[in-house]
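Student: Please build the complete structure, drawing on both the sequences and the hints.
Line order of the protein sequences matches chains Z and A. Taking my numbering, I'd label the letters of the first sequence as residues 2 to 550. Taking my numbering, I'd label the letters of the second sequence as residues 4 to 278.
Treat the hints as calculated values from the structure; they're not laboratory data. No residue lacks a Cβ here, since even glycine has one placed at the ideal position from N, Cα and C. The reader is advised that the hints may include incorrect statements.
Stretch-level coverage of chain A by chain Z, calculated; a stretch enters the list once three of its residues show a Cβ under 8 Å from a Cβ in chain Z [what the hints assert, rightly or not]: (1) 88 to 96; (2) 171 to 177; (3) 242 to 251.
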Amino acid sequence: MSTSTDTPRLKRTGFTAAAANYLDERTSISAVVKEFGRKIFPDHWSFLLGEVALYSFVVILITGTFLTFFFQASMAEVVYNGSWVPLKGIEMSSALQSTLHITFDVRGGLLVRQIHHWAALLFVASIGLHMMRIFFTGAFRKPRELNWVIGFLLFVLAIAEGFTGYSLPDDLLSGNGLRIIDGLIKGLPLVGTWISFLLFGGEFPGTAIVGRLYTLHILLLPAMVLAFIALHLVFVVVHKHTQYAGPGRTQQNVVGYPILPVYAAKAGGFFFVVFGVIVLIASLFTINPIWEYGPYDPSPVSAGTQPDWYVGFADGMLRLIPPHWEFEWLGRTWSFNIIVPVLILVIFLALAALYPFIEAWVTGDKREHHIADRPRNNATRTAIGAAGVVFYADMWAAASGDLIATHFKLSIESVTHTMQLALIFGPIIAYFVTKRICIALQKKDRSLALHGYESGRIVRLPGGEYIEVHQPISEYDRWRLVSQESYAPLMLRPDSRGRITMSQRLRAALSRWFYEDRLTPLTQTEIEAAAHHGHGDAQPELEEAGPQH
Amino acid sequence: MAKLNQPKAASERSSRKRGRRHPFATFALIAIGLGLTGGVYAAATAVPAAASAETTASSQADVDAGQKLFQANCATCHGLSAEGTDSAPSLIGVGAAAVDFQVGTGRMPMAMDGPQAQEKTPQFTDKETKQLAAYVASLAPGPSIPASEYTDGKGDAAEGAELFRINCAMCHNVAGAGGALTEGKYAPALKGVTGTHIYEAMVTGPQNMPVFNDQNITPQQKADIITYLDYIQKNPSPGGFALGDLGPVAEGLFLWIFGLGSIVALAVWITAKAN
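Tutor: Structure, rendered in structure tokens:
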């Protein structure tokens, strides 16, 4: 597929050739085009998720620029006198007034606002899905650990971008969101109040916060996101793209289409597809109806006040903490109802960020990996991932506990208590269920590779025995099934000074936990033996052998 | 609770310096003070009384018919003379408004015990409901069914919207989409509820709702609130489908399922191998 085509001779006269030659003579750009144009990208839908994030960010930049032409990041009080009747004559900040002006009195303003907001939701969602793809296929392994961390930073920055944007219109919903953040900050021991006063320029809400968030939202954070995206993509080019196992695919090559002309056309087209989907959604579905929320006022809080989805997990964690975890000690208030959830969130995010390093340490694997794992083939990692997803999803769902209660006719207390239990037991159950499913799928793969698939044809042998005829699978399919990494639990060995350190013991224990239950991959001999043998008797065996046994 | 409805800073301290030390000044001052206090009090209490939206009294025939209906349908729980039992409260003094709301929206008679009475198709005709209301109103004075001038949505929507956000939105949501309360109770969605029923709910405080009496929210302000709710129902969201007006949760759910779902489907399509 990736055959190098001859670069056309520049002998031909024509405008394009002349222009290209003109450019090349002055910029030496042909070297870049040659390098990048022949860069190969493998083709798989899951490899496009990062691109979705990139494209929605581009959409956000375009629409955001339009919005800055009209938005006033000021908390000066004005009286609304625009087109929306139920707010006429109401006092509000200049920020909300200008957002309403964009919405109702700037041509196309509401559409652009909705595109911007929907694209923001899609941006973070596609980052999340992209991260899951990377995690479950083990694409974070050497040499890509640092790029995982950069991607993680982008995820956090995207959330920060989203939240600052959500807070800008200074409507009732965004003000309540900020109030929760203010409460979170103030709940931190010793420094909380100071940080809050520093951030808000005095007591909440003050008159400074919208201006400050605006600077963050349109200057600092986008600059950082852009810088990290650039770095992220440079690393993708440097490392080359991962690919799934298949015939002809090795750790040394990449099988796919070159950027020019195929992939550039596909990716360019996909940009417009993503843009189109966002615009379609934005033109049909309301998002953030600030005209309903009205101006921020610290006293009213609407039922169903939630953050945008990507902050939901933090909001949900706050809702899951049981009451009465606040007490006075040493003349200070210790808000463990704030401290504990903040700690849980920080630890959860830190584990996610550091997972590549943890797994690399446990496996002791120093090799480079360019073939993406099938999730089932690394059962423990997939199970850990599933547990993490369930933990996150439970916190996330808890943020909408009130709506779950009303829509499923439940009591809000039972919803909360169920979710509290699910926060602890859900990940554990998910871990074991996923691990067993993965191992079962491995067994199925092994049986397919050895004995082929069930043809559904029942044959009676002369002796009276009935068998179902199995058809062998093709060589191509078998390759996919048998190319699997295998790790054995680490052997506990004394170091050069004859000692076994605690960290060695820990590492060995973790390694045992990771790889104790596993299927050993098929050897060539086994496959050949099965091929000669016809239908087989060798059932896959679960190897239980740790090093000590 | 209610938005302050006093006129802005009515402190007129017109200083009369000339007659200040006159012997009768003290008496005059007390007389003026008493007169003012009494007058203002009378005015303040008179306004709601005058404004509180009364409809015409019902005939004795209605009361009698209502009593029969009551004894046949309500007395099991509320007692033969509406005096209340262990399982249901007394209805003496709840007024016609309470009956019109509870029976008119189908909440009463209750279908089953639960955290709160649920809305259903009304069991009685409009006429029967009015007869029941007349009977209960005849037992003792109470809030009556409001006049249509307060319930037809001809007030000030902006004023009503602000009052709604301050007084109602914490349970009913800013767009009246409803919300959860404790232990399975809930504030219902206000879409499709008639102005009369909203008014009656405010003055009688059904289920877990507090009473917003005429001092708290004046009849005119109630009319404004009804106007706002009427406005957002008659003017659908300018942004397109409103996703139930449930806010970011509905938006997030939509984005993940339909937004990201369609994007993934398209990505699969784009990378699919040609057969």
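Student: Now look at each hint and say whether the structure bears it out.
Tutor: Structure-based check of all given hints:
Residue count for the segment 88 to 96 of chain A with a Cβ under 8 Å from a Cβ of chain Z: 0. That is fewer than the three needed, and the coverage hint is violated. Under the rule that three or more residues need a Cβ within less than 8 Å of chain Z, the assignment of the segment 171 to 177 of chain A holds, with 6 such residues. Under the rule that three or more residues need a Cβ within less than 8 Å of chain Z, the assignment of the segment 242 to 251 of chain A holds, with 9 such residues.
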